[in-house]
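Given chain A, work out where chain B should sit, using these hints.
Given next are the chains, with one letter for each unit.
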Amino acid sequence: MNSAFTITPVEKGIMRCRHTASMSHEDVQALASFLYDYDGKLLVDLTEADPQECAKNLANFRPMMPTTAIFGADIDPAVLEIPDSYYVKDVRHFKTEDEALAWLREQ
Amino acid sequence: MSTEQALNTFVKETGGWVASQLEACTRCGMCADACHFYQATGKPEYSPVWKFEPLRRAYEQRFTFAGRLKLALGLDRPVSNDDLATWSEIDYTACTLCNRCSMVCPMGIDLGPIIHGVRSGVAAAGLVPADLADATQKQLDVGSPLGVDDDAWEARIEWISDDWEVDLPVDVQGTDTMVVFTSIELMKFPDNIAAIAKILNAAGEKWTLSSKGREVVNFGLFEGDMDKTRLFLQRLFDAAVELGVKHIMVTECGHAYEALRWTAPNIMDVPAGIDVTHIAGKMGEYLRTGRIKLKEGAFDTGTLTFHDACKIQRKGGHIKEPREILNVLAPNAFKEMTPNKEQGVCCGGGGGVISIADADVNRFEAFELKIDQMQHVGATDVAMVCSNCRLQFVDGVQHFGVNVKVHGLSHMVADALVVEEKTS
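Chains as they are written, first to last, in my numbering: chain A, -15 to 91; chain B, 3 to 426.
Rather than coming from a laboratory, the hints here were simulated on the basis of the structure. Please read these numbers as outputs of a predicted model, since none were measured by experiment. There could be a bad hint or two in this list.
[As the list claims (entries may be wrong)] Listed below are the simulated EDC-like cross-link pairs for lysine to aspartate or glutamate, each with C-alpha atoms no more than 16 Å apart in a straight line:
(1) Lys407/B / Asp68/A
(2) Lys40/A / Glu422/B
(3) Lys40/A / Glu160/B
(4) Lys40/A / Asp164/B
[Unchecked claim] Chain B regions said to be covered by chain A (calculated; three or more residues, Cβ under 8 Å):
(5) 12 to 23
(6) 184 to 191
(7) 348 to 361
Where is the CB? At the ideal position from N, CA and C, for every residue including glycine.
One chain only, chain A, in its complex shape (with noise of 0.2 Å):
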């Protein structure tokens, strides 16, 4: 798996990502192609991530995420807002992992 993110298995049906460093253009088309096959629900911990990076990867994969729970930073909710539409999939941020995973076994 590349540097800047990981992903691993949490439980049946969801996967963490872990955002860790700046991604390259490798890395974005390696995430978009993850997304394209993944069917599950998603975890993403941004605890080791820049705020920065965050905000602008977020802002450009959010219309390619599956239902997905988002904790590990304080990100200005602004970068999940998409207009609401058919192919528009639930993400929303938490402040703690315990409350993403409860929010995310309950979809």
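Same frame as chain A, now just chain B:
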């Protein structure tokens, strides 16, 4: 809601051509077996012949002696508000206008356009399903049914250009071709945009995007509202004229191809000297003429099948080109589903159906037919040239937990491009 407006639209739709089609129908019911919604659900009201019943009744009662007599004697009743509400559900959530029914009609009736006429009447009565109407309103207001405004479009194009390292020319005068993507490619499948750009650049195509004509999907056509259909088409033609191009290229979208290539010349003045092409046809042409070279066997593992899109293959005739490409990319792995080509079964998400939440049950039931077809050939991969189909396939395989990888054909072609080193 106005039943009168719906009836007037039905009457307006009922020209000589439609009248001859209605008179020719013997109600044999063969169209039912061609309809994926009828096949999947077994509901008789989803039979194609029933889908145009209000228009047939309006025609009979207005234009035929027998119809007027039956009405006068109370043996028939006029189309009511309740009828229109019922047919709103039937014709918007259980019909993709795929027109497979027309392929089996022994009388040669072209059922799709007649059912589309019913949508027009229902739309005139203000009974378009809310989700579809909302998407159409977004296309009117901001230029995209997904709500992508000018700023979001520019930001997305810049992101794709940067991170996929591909040249995406915008508003360049003096090119040959204006390429128009769908919002679903822009938002959900950005790889498609990068892939198509790489193919066009490799083929030496002189092309540009337009910031004014930036949405190829036409939700007016889905609604059946021909004023909106014309308006959305006009935006594209105006952009093409302003850029001075000779061609408008539709990317991986089916209904947009129908709207631009066939609907437009029938409902409006189209600019002379601009033809409409589809990426599926162009990729085949590039390969045949040597403008692109592909790595043979680049996807020759597992079992790869191809889904024929209703408006690109059945209507558009681009049947050979994807197969020529797949026979290079996957000479051993490529296997046809049955039925295929012009008889191919619709994915279940076209015609705006995928945008209507209330249609989810129907579209997933219909998709089970595609699962059966894919499983019959043992498919591990499926390719297609329509992003709306692709979204339905992605949704469908996820919904049913089917282990099949879904590909846009352009993406596969771009990945297999052989770039020859230039020698000085």
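For each hint, the structure was consulted:
1. Lys407/B / Asp68/A: violated, 27 Å
2. Lys40/A / Glu422/B: violated, 35 Å
3. Lys40/A / Glu160/B: The given pair, whose Cα atoms are some 13 Å apart, holds under the 16 Å limit.
4. Lys40/A / Asp164/B: Holds - the C-alpha atoms of aspartate 164/B and lysine 40/A are around 13 Å apart, at most 16 Å.
5. 12 to 23: violated (count 0)
6. 184 to 191: holds (count 4)
7. 348 to 361: holds (count 4)
Violated hints for the displayed structure, listed by number in ascending order: 1, 2, 5.
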